[in-house]
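Take the sequence shown: its letter number 168 is residue 167 in numbering that gives the first Met the number 0, and every next letter is one higher.
Incorrect hints may appear among the rest.
[To be verified] Distance condition first, Cα-Cα at most 20 Å in a straight line; then the derived SDA-like pairs of lysine to any residue: (1) Lys335 to Arg269; (2) Lys335 to Val36; (3) Lys335 to Glu317; (4) Lys209 to Gly251; (5) Lys335 to Ser38; (6) Lys335 to Arg31; (7) Lys335 to Pro365; (8) Lys209 to His153; (9) Lys335 to Asp290.
These are computed hints drawn from the structure, not numbers from a lab.
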Amino acid sequence: MTDWITPPTDGGERLDGTGAALLTADRILTGRRGDAVGSLESIGEDDPQGGAVFIDGTRIIAVGPAAELTARLGELATAAGTAPAQVRRVDLPGTTLMPGLIETHAHLPTSGTDVEYPDYGAHDVARLTLNAARSARELMSLGVTSAQSLGARHYVDVALRDAIENGDLRGPRITAAGPQITVTAGHAHHAGGEADGLDEIRHQVRIHHKRGVDTIKAMATGGFTTSGSVPWLAQFSQEELTVMFADAHRLGKWTAAHAHGTQGIERAVRAGVDYIAHASFISPAARSEPDPHLADEIAAAGIYVDCTITAELPRMIERDDTFAPPVRMLWEHGVKIVAGHDAGIPGVPNRGYVGGLEALEYVGLPRTEVLLAATSRAAAGIGLAGVTGVLAPYFDADLIAVAGDPRAGLGVLRDLRLVVSRGREFIPDRVPGLAHDTDLDAFAGPGSVLGQWRNRDVLRARHPEV
0 MTDWITPPTD GGERLDGTGA ALLTADRILT GRRGDAVGSL ESIGEDDPQG
50 GAVFIDGTRI IAVGPAAELT ARLGELATAA GTAPAQVRRV DLPGTTLMPG
100 LIETHAHLPT SGTDVEYPDY GAHDVARLTL NAARSARELM SLGVTSAQSL
150 GARHYVDVAL RDAIENGDLR GPRITAAGPQ ITVTAGHAHH AGGEADGLDE
200 IRHQVRIHHK RGVDTIKAMA TGGFTTSGSV PWLAQFSQEE LTVMFADAHR
250 LGKWTAAHAH GTQGIERAVR AGVDYIAHAS FISPAARSEP DPHLADEIAA
300 AGIYVDCTIT AELPRMIERD DTFAPPVRML WEHGVKIVAG HDAGIPGVPN
350 RGYVGGLEAL EYVGLPRTEV LLAATSRAAA GIGLAGVTGV LAPYFDADLI
400 AVAGDPRAGL GVLRDLRLVV SRGREFIPDR VPGLAHDTDL DAFAGPGSVL
450 GQWRNRDVLR ARHPEV
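Sequences are here, hints too, so could you generate the full structure?
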């Protein structure tokens with residue numbers, strides 16, 4: 000018996016990530032497709048006892064009907080090295096057990112800030128790190144158990160990832176990109192990843208590798224939130240992107256590209272990128288003008304795409320449909336759509352995650368596809384295939400329980416009854432509500448950015464010939 004000075008406390012957690020446990024619910028959505036077209040694999044719906052998941056420490060050992068796993072409890076407990084009486088049972092009637100949600104496009108250090116790159120002066124690293132830690136807890140409080148960080152100054156996402164993995168902080172599993180690699184004065188240059196020419200690009204990739212990133216992200220085009228940046232124009236040449244991604248792959252890194260305009264999308268695809276953020280096909284005419292032939296290339300290459308569908312996008316489209324993202328077209332051409340929201344930029348807080356999934360359905364992705372885009376496909380999309388995103392043996396025990404059935408409406412994802420990350424329960428924090436933005440005109444969309452550029456031509460045209 001341990002002679003404690005201060006005995007441990009469980010903080011209200013039913014699962015501590017070390018023992019064996021049997022979780023039961025009305026049904027289980029595994030994260031796989033079902034046998035019928037457009038369906039999801041479900042376990043336990045035809046069993047009066049529902050479905051069950053048996054976990055041992057951080058991993059899933061078995062998934063099946065609750066009656067079957069209960070009958071096998073002795074066998075499963077022995078395999079876990081414990082007695083059946085020591086297996087903790089958590090029954091969750093009225094719920095669906097499913098893989099934890101995944102945010103494929105986050106900016107953890109800046110979520111909730113009014114500007115994309117706040118300047119904290121002498122306390123910059125400390126404040127950004129604290130912001131990132133708060134963002135991590137907020138995401139977990141929404142049921143997000145994995146997140147891809149696609150841009151963080153000072154590599155604070157790498158430090159956060161390691162702190163979470165070490166158990167120092169609670170938060171989702173993180174794949175970290177550090178500062179985005181961009182051209183001098185290019186989009187997101189404030190993050191500190193500027194590089195010009197092949198040698199500087201190689202050097203940036205290798206510095207990122209040295210600092211411990213998982214993902215190399217290139218700003219293949221300009222963006223809407225960096226002054227002087229042009230979203231529809233490519234920032235890197237074909238050769239530069241090819242060298243960047245080849246060196247990243249040589250070092251075992253996942254690769255991602257921010258790409259709005261067609262030219263930048265095309266160059267990223269042909270350079271061998273793994274993941275594209277935005278893919279909005281924005282043209283100089285301030286419209287989304289998708290190229291179906293390029294969509295076929297993206298699909299053939301197996302590239303994952305997040306179209307950055309945010310909670311406010313449906314209202315923006317109703318006001319002006321010129322920026323309607325080509326989600327439906329890309330999906331119909333076989334492109335692997337994942338749930339990424341650019342969470343952390345101004346106006347896109349983490350707590351809008353489920354609203355973003357509802358918006359993804361609004362723009363044409365079927366609900367079952369949205370659920371895959373937020374779980375199993377999202378896991379593969381951030382380089383975690385075979386690790387998480389699926390409720391199956393040998394996958395990590397990252398799962399949530401929600402009241403009701405998300406196939407009947409995505410809104411039930413807001414009603415969490417259990418959040419488990421690597422076998423340990425997380426007690427969600429209180430998360431403030433999110434009201435609709437009342438100033439959509441302030442959104443720096445393609446029309447407003449294009450207007451700033453074309454205003455110069457208007458002024459010049461009215462000047463007399465002298």
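Right, here's what the structure says about each hint:
Under the criterion of a C-alpha separation no larger than 20 Å, the hint pairing Lys335 with Arg269 is consistent with the structure, at around 17 Å. Between Lys335 and Val36, the direct Cα distance comes to roughly 17 Å. Compliance with the 20 Å bound is thereby established for this hinted pair. Between the alpha carbons of Lys335 and Glu317 the distance comes to roughly 26 Å, so the proposed pair goes past 20 Å and is violated. Distance restraint check for Lys209 and Gly251: the Cα-Cα separation of roughly 12 Å lies within the 20 Å cut-off, and the hinted pair is therefore satisfied.
Taking the CA atoms of Lys335 and Ser38, the gap is about 17 Å. The hint holds against a cut of 20 Å. With a CA separation close to 14 Å, the supplied pair Lys335 and Arg31 stays within the 20 Å bound. Our distance criterion of 20 Å between C-alpha atoms is met by Lys335 and Pro365, whose separation comes to about 13 Å. With a CA separation close to 13 Å, the supplied pair Lys209 and His153 stays within the 20 Å bound.
For the given pair, Lys335 sits about 16 Å from Asp290 by alpha-carbon distance, which is consistent with the 20 Å threshold.
Going down the numbered hints, you'll see the structure goes against just number 3.
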